[in-house]
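Undergrad: Take these sequences, add in the hints, and give me the full structure.
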Amino acid sequence: MVLIIGGAYQGKLDFAKLHYGISEEDIYTCTEENGIRFGAPCIFQLEEFTLWCVRNGTDAVKFFRAHRPEWENSILICQDIFCGVVPLGADMRAWREMTGRLCAYLSREAESVSRIFCGLEQKLK
Amino acid sequence: MNVLISGGCKNGKTGFAQDIAVRLSGNGKRYYVATMIPCDDEDRARILRHIEGRSDMGFETLECSRDIAACMNGAKSDATFLIDSVTALLVNEMYPDPHMEQADQSAAFRCQSGLLRVAREAKNAVFVSDYIYSDAIRYDSFTETYRTCLALLDRTLAEVCDTVIELCAGNAVCHKGGLDL
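So the protein lines, in turn, are chains A and B. Numbering follows the numbering used here, in which position 61 of the first sequence is assigned residue number 61; successive positions increment by one, without gaps. Numbering follows the numbering used here, in which position 161 of the second sequence is assigned residue number 1161; successive positions increment by one, without gaps.
Bear in mind the hints are in silico, worked out from the structure with no lab data behind them. Since this is a predicted model, take the numbers as computed values, not measurements.
With a straight-line cut-off of 25 Å between C-alpha atoms, the simulated DSS-like cross-links for lysine-lysine are:
| # | chain 1 | residue 1 | chain 2 | residue 2 |
| --- | --- | --- | --- | --- |
| 1 | A | LYS123 | B | LYS1176 |
| 2 | B | LYS1123 | B | LYS1076 |
| 3 | B | LYS1176 | A | LYS125 |
| 4 | A | LYS125 | A | LYS17 |
TA: Have a look at this one:
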């Protein structure tokens, strides 16, 4: 599994397309409403899945642990939302924490972790 | 040579950019291109602090809050330009009337072509921007549009610059090129 993280609009998906030959059909985009569906070679916007988790009382890390065989060969992309001030709303705080814990877990499991900054790759692992 | 410096707020980007500009320019002319339009006393105090900070560094200050390529008009051809900042330039171009919440939709492309012209034509240019992409907030479309446009400018500059630096608590993380200028 490859993990790609980075701030909003930094070019994470463009990087995946360029470096891993991902095409539009290979991408599953998570949403706050529908959560996640495994199976696609590239899963985009994990931060929407974690927001779905917060809304539905699901633990994102436990969920990923339980479905390990379904994503262990995927490219996972998540927006880094950890650097701002502590959000005022409880659900946004929970969202930030859930996303941070999921990324920390996935970083440990990943064979490669890249952070995208202004379209440039910073190899973290 | 072109250098992009970004990072979080209050990480010493301006001071770092000034040092880089001094090193790049050698004995050549150096311009500090100020883009911010002061709105209140806090802004004016900040500008005074910046002016004081670079007073003995040999910069000539040019005020250029819009149409950034115009900073090169009449300037010496072998000069080094420090553009501080891309963030403020985009604000000024996008919201020409600060009391109106109406964004100028073509502003980002105008800034993009102006910045590219500076990068192409100036002997050396140092661009300062701000990294505002990693917080856990659902912004309104007004703010989100601004973030999208600034990211476009940042990525454009990162592509054409020889060196890209992220400052973190005053420390330089080099994403492209190197610091042996």
